[in-house]
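Enquirer: This is what each chain is made of:
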Amino acid sequence: MKHIDAAAHTRGESQYVDDMPQPADLLFAAVFSAPVAHGKILQLDIKEALSMDGIIAIYSAKDIPGENQIGPIIQDETLLAEDKVHFIGEPVALVVAKTGELAQKALKKIKLEIEELPVVTDPREAFANGQIIGNSRTFALGDIEGAWNICDVVVEGRCDIAGQEHVYLETQRARAVPLEDRCFRIHSSTQSPYAVQKSSAKILGLSHHKIEVDVQRLGGGFGGKEDQATPWACLVALAAWHTKKSVELVLPRHQDMEMTGKRHPYSSDFKIGLTKNGKILAYEVKHYQNSGATADLSTAVMERTLFHSTNSYFIPNVKIFAACCRTNLPPNTAFRGFGGPQGMFVIESAIAKAAEKLGMSPLEIQYKNLLQENDVLPYGQHVHDARSRKTWDEANKSYKFPAIQKRIAKYNETHFETKKGLAVMPICFGISFTSTFLNQAGALVHVYTDGSVSVSTGGIEMGQGLNTNLAKIAAKAFGINQERVKIESTNTTRIANMSASAASATTDLNGNATLIAVGQILDRLKSLAAKELGLSHKEKIVIENENVLFDGKATGWTWGKLIQTAYLNRVSLSAHGFYATPGIWFDRDKEKGHPFAYHVFGTAILEVTVDCLRGIYDINSVKMVHDLGRPINELVDRGQIEGGLAQGLGWMTLEELKFDEKGKYLSNSLATYKLPDVYFMPDVLEVKLLERIDNPSGPYGAKAVGEPPLMYGIGVFFAIRNAMRAFRPEIEFLFDSPLTPEKVLMQLHADWLDDLTNGRTVTSGKAVKAKKEKVEES
Amino acid sequence: MPIHFWLNSHEVTTKEPAGRLVLDYLRQTERLVGTKEGCKEGDCGACMVLIGELAGNQVAYKPVTSCLMPVGELHGKHLVTIEGLNLEKLTPVQQAIVDEGGSQCGFCTPGIVVSLTGYLMQPWARGDKDGFKYALGGNLCRCTGYASLLRAGSRLGKQFGNGAAGNGKKAQNSIESLIKLNVLPDYFQTIPERLKRIPSFEQKNDKAKPETFVAGGTDIYVQRGEDLPDLKVEVLNLLPELKGISLKNGKLHVGALTTFEEFAVDPEIKKVIPEMPEYNLLNASWQIRNRATLGGNIVNASPIGDMTALLLALECDLILKSGNKQRTVPMKSFFKGYKVLNKKPSEILTEIIFPVPDKKTKIHFEKVSKRKTLDIASVNSAIKVRVEKGAIQTIEMSMGGVAPIPFFMNKTCEYLKDKPVNRQTVLDVLSVAMNEISPISDIRGSAEYKRLLVRQFIIGHFTRLYPEYLTVREFYETH
Ligand SMILES: Cc1cc2nc3c(=O)[nH]c(=O)nc-3n(C[C@H](O)[C@H](O)[C@H](O)COP(=O)(O)OP(=O)(O)OC[C@H]3O[C@@H](n4cnc5c(N)ncnc54)[C@H](O)[C@@H]3O)c2cc1C
Ligand code: FES
Ligand code: FES
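Chain order of the listed sequences is A and B. The first sequence: position 84 = 84 (this note's numbering), numbered continuously. To convert a position in the second sequence, counted from 1, into this note's numbering, add 1000.
Just chain A, with the same shape it has in the complex (with noise of 0.2 Å):
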């Protein structure tokens, strides 16, 4: 089975929300946003731009009708500025024209005057000046203090870790058309039509049911466009309110680049204690969140930071430590991994840490202490079904460790301008939202007179293949061809609250509740059939290629007679399903609970080369061992993980942000922040799937896939790093992340730099040395 959408897409006839017919009265719209990330409005002057031909309206906070609010956990983000603005992007008005390019020229005619603010930027200063979002947490786990003391060695170091940009191909973009009776009806590329709903309707002082949001695709979401495609689709309801016309809002990519959230970068401090033999005995980590101007997700975020801090490792002794920290850029959100990628990156830096101070491999460290049957982890949750060992082992067994590291050794023996360095990267990662009540979906299927089936969820699809997995789950619980079934698109007026596509966990809950709903209409088909054909055990009624079998035998009837009989017989053809996630909960007073359906497991091996004279690097090859349980699409699934590796590996290596010390992005184009092109990805990549074991929790036993890819990414930064390590063994290397070229150059070769800069100006830009410091021992 293919995806659903392929065939449409490779002729361009897929429709994103611009794509769409326009209706006639349709106007453009174009954000102006704060050119200085920390300042008082003292002035916004729209009278030049607003005496353009062409020109509209110019929109403010103060023309908003409802509450000029759109913050989704926490209430501290307006969505247009009212008298501060707070990063370098943050939209302070809205221009209205008749064309786009008309309604990009304004923007440059509007003025705004502003008292500037001092910025910060740093999320260790911002902590420091007490600037923290909710409240720091702490997860622990065993007795941390008393541990120290009977390690045989304890190492302590620190890590930066870069943010990272979305870019999904299309960027944020929402169309808004008045209705009768003041209603609105909004395009939206959202991954959360309802927080889409709920916002715009606060906005305009409307009650939720008078705004439809429907969403047919995404051309790319990651999580970018999980609660930061609300302000767009608020802001075109906004103009379509006050002009009564169909508004369209696209964003330009760098006005999207510079407007919109990304990854989270963190800065965490780590302390670790082993064993000489490599056990871990102990794990004390501090997270500072960077989250930019506002909450966003962040405190969300930070969650899954505390839930995988510890990887696929057991500790005993753990004390994790994080906290949300307010800073001038804008506000970071939800991305593939959520937080989870930052606490792996950090106990994986402590590992290659104590690795080298014990003069042991990595990976006997990290194969000693993987989870195991039972094991806790610190949050309280018992890991069942543990599957790290399995997919190491199972790694080990296809791919053969001892005999890549012979090879690479030897490689690096007899080769001295280039190194080549490997990595092992085990993942383990918790499926279910995080806050519980999330965890539900809801579905509407109709089975119409024709015997054609059309199902309605609260997932989005945005190319991981829903529709696809959904087309599938509808025609094999009903027993009939797949043509039959379509998906239709994301609808608030069919599915009411959902939860945003996310988490992973879209299949799961959108396949469960649509389960669910088919089981309705099933039920009743069976009766009837039962009756009519004079049967007494109806649970012995299946349907099977569409056709009607008792006890495995020919009824004679076919589905489509089937369905004829139903509707003349008034049977109800149609059902709404929900689903919620049994058994999951988390308290957040204790900090302990069992907050997660299940986890998924991995491990992957990773070879790069480095060429050590000029600082570059190729990576070649990526072979990995995956859990997916009972997967429902192969071909999908292998699509999610090839697709999460490439931006694993992109945000490890090349993908930059750059923002300078007044809070302004500088790589704010696909020219200055470079993702992964055809050439970077590794040319040996394989995926093997562990043997097929059903999860009770998935729909048909499957288990999710969109996220835990992306983890095994993180593996190539020690690939890199273990190659400098061969060309300069006594350097001890940052954990600093993006190791682009110029760091790893930076780094191998920064001796020289005195030499080569000696007595002239160096204009500005730090140096990155590396680090000789001792590392303390206990």
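These are calculated hints, taken from the structure and not from any lab test. Glycine included, C-beta positions come from ideal geometry on N, C-alpha and C. Among the hints, a few may not be true.
What the hints assert, rightly or not - Taking CB as the label site, the calculated pair distances span:
#1 S574/A - T1029/B: 40 to 48 Å
#2 E1477/B - E115/A: 54 to 62 Å
#3 L179/A - G1056/B: 39 to 47 Å
Got chain A sorted already, so can you dock chain B with the ligands onto it with the hints?
Expert: Frame of chain A, contents of chain B with the ligands only:
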């Protein structure tokens, strides 16, 4: 004169401003929305179209980014969008992508179909993995990680290719055979005759001077894309005499409108710079190289232009022309300051001329960028050097990204002349080089990093060209 061209299977005459972008024209005026906008800077390929141009009795097609191409240049050409490639059933290119799961969110997909189709139309197309990487070099996909797309490529390679994966089959890339194989709709067959009927564009004798020239548009649209539709632009690509490479009296004459791609595959150039195909891969993408011209690279005067850095080490002369007046400027004295040139606004760069080096002379180019392909250099450098009996006889060396202009390393070259090729010479010349350059910190790297790269490149040049005299190891053994 209206702009007259073929759009898919329709004839179009339009009075659109010449400087308007093809992408905007397609999406807004024609509402052909299969062509997507992902960046409007040539970096993502979502806007990919094919441009067909008469070459004798045939039409030659190449994929280009419609977000950097002026409508004015369409005159007499065939513009093909995804809509113009669709047949009733999926084409083999589309089918391969579907079968391999090469489309997820789908936003990049039409552009990828266009690139792959355009690739299969090339007489030199190869059926192996490297071939399909080449084909997709200008397309970003954020969803798939490319593996499924390369698998789709390898399927196509097996069907059509002639490379390693193509079972030794000869490429079936004539338009005719591609139509038979359902890769292209059959209206393609009629296009050569149709284009021949379009009268060539008359540069009107209007007195108004052009406000700016556009060559490939790959710099000017990135820098001033919003202004150009409102300006009077002169589309240089309508002047075919500015193209072509020829050898005259031991000198190579390169038309200023020669594209990166044309330069790199030219047999004369390959004789002089054997590694050119490799260097070519480091510069932009196939799709951008199909547009980017040498003249544009030089006149744009970015301190980090790659072809500029290469040419600067080749002792080039530049021919500038305004009306009937023509003069020659040595390239080394063309750059006066940051984007300040020894050129009048009305002058067009018509030709680049350089001597064919003798057999003993070697040429080498180095470039480091954050991403190895389709990225602007942090520093680049070219060297042309002749060593006899271990001593440097002549040397020309450029460095990009280390000064406000594309920089010729005058003092460094002077110092190196007559010196032996060894470790001490290189170490000694570093201080000369460091005194000569003045890099600044910017998005491409810190000033220190650029200094370090200059050191590494000087080592790199000599160790690559003269491994018999010098190895990288010698620079680290004393550590
Ligand atoms: C995605 C992308 C990737 C790129 N990658 C690279 C790269 O790797 N390396 C690199 O060096 N560059 C790169 N570039 C930059 C650009 O492609 C080159 O500089 C190219 O050579 C510019 O040529 P053009 O013909 O497109 O110039 P245009 O944009 O058409 O013109 C540039 C300027 O030169 C003037 N001009 C052009 N031709 C003439 C002439 N004959 N006489 C007088 N004036 C003239 C124009 O008026 C304009 O001011 C890239 C650009 C993009 C968009
Ligand atoms: S829109 Fe990205 S290359 Fe044209
Ligand atoms: S499929 Fe989404 S960007 Fe390629």
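Enquirer: Compare the structure with each hint and give your call.
Expert: Cross-check of the supplied hints:
1. Our hint of 40 to 48 Å for S574/A and T1029/B holds, since their Cβ atoms are close to 44 Å apart.
2. Taking 54 to 62 Å as the suggested C-beta distance range, the pair E1477/B and E115/A conforms, at roughly 59 Å.
3. Under the hint 39 to 47 Å, the C-beta atoms of L179/A and G1056/B, about 58 Å apart, miss the expected range.
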